Amino acid sequence: MSQFAINLLFVGASFALYIGIAIWARAGSTKEFYVAGGGVHPITNGMATAADWMSAASFISMAGLLASGGYANSSFLMGWTGGYVLLALLLAPYLRKFGKFTVPDFIGDRFYSNTARNIAVVCLIVASVTYVIGQMTGAGVAFSRFLEIPSAAGIWIAAAIVFLYAVFGGMKGITYTQVAQYVVLIIAYTIPAVFIALQLTGNPIPMFGMFSTHTESGMPLLAKLSEVLVELGFQDYAADVSNKLNMTLFTLSLMFGTAGLPHVIIRFFTVPKVADARWSAGWALVFIAILYLTAPAVASMARLNLITTVYPDAAGQVENYEEALANPLAYEDRPDWVRTWEDTGLLTFTDKNNDGRIQFYNDANPDFAETAAERGWEGNELSVNNDILVLANPEIANLPPWVIGLVAAGGIAAALSTAAGLLLAISSAISHDLIKKTIKPDISEKGEVMAARFSMAAAILLATYLGLNPPGFAAQTVALAFGIAAASIFPALMMGIFSIKMNDKGAIAGMLVGLISTLLYIFTYLGWLFIPGTNMLPNTPDNWLFGISPLSFGAVGAMLNFGTAFAVAKVTAAPPAEIQELVESVRYPKGAGGAVDH
Amino acid sequence: MADDKSNAAAYWSANLRLIFGSLFVWALVSYGFAILLRPLLAGIPVGGTDLGFWFAQQGSILCFIAIIFHYAWKMNKLDEKFGLGE
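Chains as they are written, first to last, in the UniProt record's numbering: chain A, 1 to 598; chain B, 1 to 86.
Quick caveat, the hints were computed from the structure, so don't treat them as lab data.
Hints may contain errors.
To be verified - Simulated DEER-style distance windows between Cβ atoms:
#, chain 1, residue 1, chain 2, residue 2, range
1, B, 66, A, 12, 54 to 62 Å
2, B, 28, A, 242, 16 to 24 Å
3, A, 576, B, 86, 22 to 30 Å
4, B, 10, A, 12, 53 to 61 Å
5, B, 40, A, 344, 22 to 30 Å
What the hints assert, rightly or not - Part of the chain B face toward chain A, derived, beta carbon under 10 Å:
#, residue
6, 11
7, 12
8, 26
9, 36
10, 43
11, 44
12, 46
13, 47
14, 53
15, 54
16, 62
17, 69
18, 71
19, 72
20, 79
21, 84
These numbers come from a predicted model, not from an experiment.
Note that the Cβ used here is the ideal one computed from N, Cα and C, for glycine as well.
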C-alpha cells in the first residue's frame, strides 16, 4: 500500500469515527446544545478539555518553537499549563456553581449590566475568531501535506466535518468527538517521540530520555546538544535570558489568558457538580501534560537529530569539532525525508559556496563569522521551517508508514477539536447572549436551539472564509487572543467571584481599560489593526516600554484592569443586595444542581 | 442563621488560605525556580543542564498537576467538614 493510501485510510477512519459520534450524540435542548446536558464525567470532560485546548499550534508548532528557542521559549510550556491552576482554584468551581451557559452570561448577570455582557461578547468573539483561523489553516496544511490536495480544499473538508457534529450535536456532539480526537492526537504525538527517545538515548519515555545520556556520544543529551550548537554559532540550548521581567510577564500573560479563554471555561459548565469542576481541571492538565512534557523532549531530540544528519561525524564522541564539522552531508546523499519536505518548500537548500555539501550554521551571529570564513562557509545553506519538526519526526526516525498516517490524523484531530470548541463559544455567545438576552428575550426553547444551530453554521462559514483568506491578524493568536483574554476577561471573572463589592461600573471601566491599553500597546509595535507599516515604533526590544514585549502586555493590562475596577467601584454605588447575596451563594458548592435552564 | 453565616465565613476563609498557599507554590516553581531564581539553582546539575531548566520544561508542569489535585482533595474535605458540599 502506498503512503498516500495509508494516510487516506487513517484520516478517513478517524473522520468516520467523528461522524458516527455526531449521529449518536444529537442535541435536542438548549442545555444539551450549550453544556452537553450537564452530566459529563469529570475525567471525560478532562479529556475533552485537553483536546479543546491543544490546538494545531500545540501539536504542530510548539516543539518547533522550543527547539529553536531552547530555554527562552519555556514560557509557552509554563504559561499554557499554569493557567489551569488558576482555572481550578479561582474560576471553574464558582462559574460551575453559578450554573449559566456562557462566559458573557456570567459577566452580564453578575454585574447586572447588558453593557458588561456585550463588552464580554465582543472580547470573546475577537479572541475566538483570531484563534479559529489558525485552526482552519492548520488543518489545511495537514491535508495538503499528507493527502496531496490543495490546502483550500482541505479547509473545506475540515469545515464540513466540524459542521456535521457541531451543528447537530452542539456541545454534546463536540464533547464526545473531542474525547475521540484526544485519543487520536495523543497516540499520534507520543509514538514517534517514544521511538526517537529510544534511538537517541535508549530510554523509551521521552521526558526522561531528554535528561539522560545520548547513546552515540556518551554525553548527557542536552549537554551534547548545547555543545554542538555552540560549535555552529547558535545559542547554548539552556542559555539564560537577560530580560527576566519580560519572560515573567509573558508567562503570566499566557497563564491569565489560558484561564480567561471562553472556549476552555465553558467546558467546565458540562460537569454535574462543583467538586467535579475542580477534579476535572486536574484531569485536563494530566491529559495536556502528556503532550506538554513530551514536546520539550521532541524539541531537543529533533534538533540534535537534524544537526547530526547534516554533520554525521559530529554525532559521536568528538575530540576536535573542527574536524568533525569539516565533512557535512553531501546534498546528493540527503535522506528521503529531506526530499519529501523540499517539495513543500518548508525546507530549502541553497549551495552558497558550491561545494555540493550542506553547511548548516548560524550566519546571523557576528562573533561566529570569522570561524565560518576560516572553514570556507559562505552562509547558512539549509533553512528549516519550525513547523515540520513534529510532522517529519516519523520519517526522520525511519518509522513505518502507518505512523506517518497516524500523525496526519493526529494533526487534523488537534485542529478540528479546537476549532469546534471555539466555534461553540462564538455561536453560544451570539444565540444566547445577543439574541436571547439582548435582542429577543421571549424566544422559545426550540427557537433558541434553532438560533444556536444557525449561529454555529454562520460561524463555521466565517471561519472557513477567514481560513481561506487569512487577514493580517491571523498570525497574532498569542498577542490578540491571549492578550484580550488576560487583560479583559480573566480579571472581570475573578473580581466577579472574589469581590462582593465589585459593581457594574467598576467592572465595565476595568474591562475597557484592560482591553484598550492592551490593544494600543500591541498596535503601537505591530501596526494599527496589524496593517504592516502603520506601527508607530519599531518592534525591537530597545523600543519596548521597560523592555516589555507587546506579547507580554496582557498581564500589565490585567493589572490596569484590576486597579481601575477597584478605584471606580470605591467611588460608585455598591451592588444591590440581591447581587451581593448571589456572589455569596456562588462561593458555596451546596445547592448547585444542574446548569439552570432560563 | 447566625451560625450558618459564621460557618460559611469560616469555610470561605479556610478556602482562601488554601488558595494563597497553593498559589505560593504555583509561583515559586514557575516564576521562582524556573525564571527569577534560576541563577541561584545553577549549581545543581540535572541531566546535562541545571535544575532551573528542568523546572522550566518539566518540573513546573508536574507541580501544577500536584497543586490542582491537592486543592481538589482538600476542598472536598472542607465541603464535608462545613456541610456545604453537594
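Structure-based check of each hint:
{"no.": "1", "hint": "66(B) with 12(A): 54 to 62 Å", "in the structure": "violated, 41 Å"}
{"no.": "2", "hint": "28(B) with 242(A): 16 to 24 Å", "in the structure": "holds, 22 Å"}
{"no.": "3", "hint": "576(A) with 86(B): 22 to 30 Å", "in the structure": "holds, 27 Å"}
{"no.": "4", "hint": "10(B) with 12(A): 53 to 61 Å", "in the structure": "holds, 58 Å"}
{"no.": "5", "hint": "40(B) with 344(A): 22 to 30 Å", "in the structure": "violated, 45 Å"}
{"no.": "6", "hint": "11", "in the structure": "holds, 7 Å"}
{"no.": "7", "hint": "12", "in the structure": "holds, 6 Å"}
{"no.": "8", "hint": "26", "in the structure": "holds, 5 Å"}
{"no.": "9", "hint": "36", "in the structure": "holds, 6 Å"}
{"no.": "10", "hint": "43", "in the structure": "violated, 14 Å"}
{"no.": "11", "hint": "44", "in the structure": "violated, 13 Å"}
{"no.": "12", "hint": "46", "in the structure": "holds, 6 Å"}
{"no.": "13", "hint": "47", "in the structure": "holds, 3 Å"}
{"no.": "14", "hint": "53", "in the structure": "holds, 5 Å"}
{"no.": "15", "hint": "54", "in the structure": "holds, 7 Å"}
{"no.": "16", "hint": "62", "in the structure": "holds, 7 Å"}
{"no.": "17", "hint": "69", "in the structure": "holds, 5 Å"}
{"no.": "18", "hint": "71", "in the structure": "holds, 6 Å"}
{"no.": "19", "hint": "72", "in the structure": "holds, 4 Å"}
{"no.": "20", "hint": "79", "in the structure": "holds, 6 Å"}
{"no.": "21", "hint": "84", "in the structure": "holds, 5 Å"}
Consistency note: the structure conflicts with the earlier hints numbered 1, 5, 10, 11.
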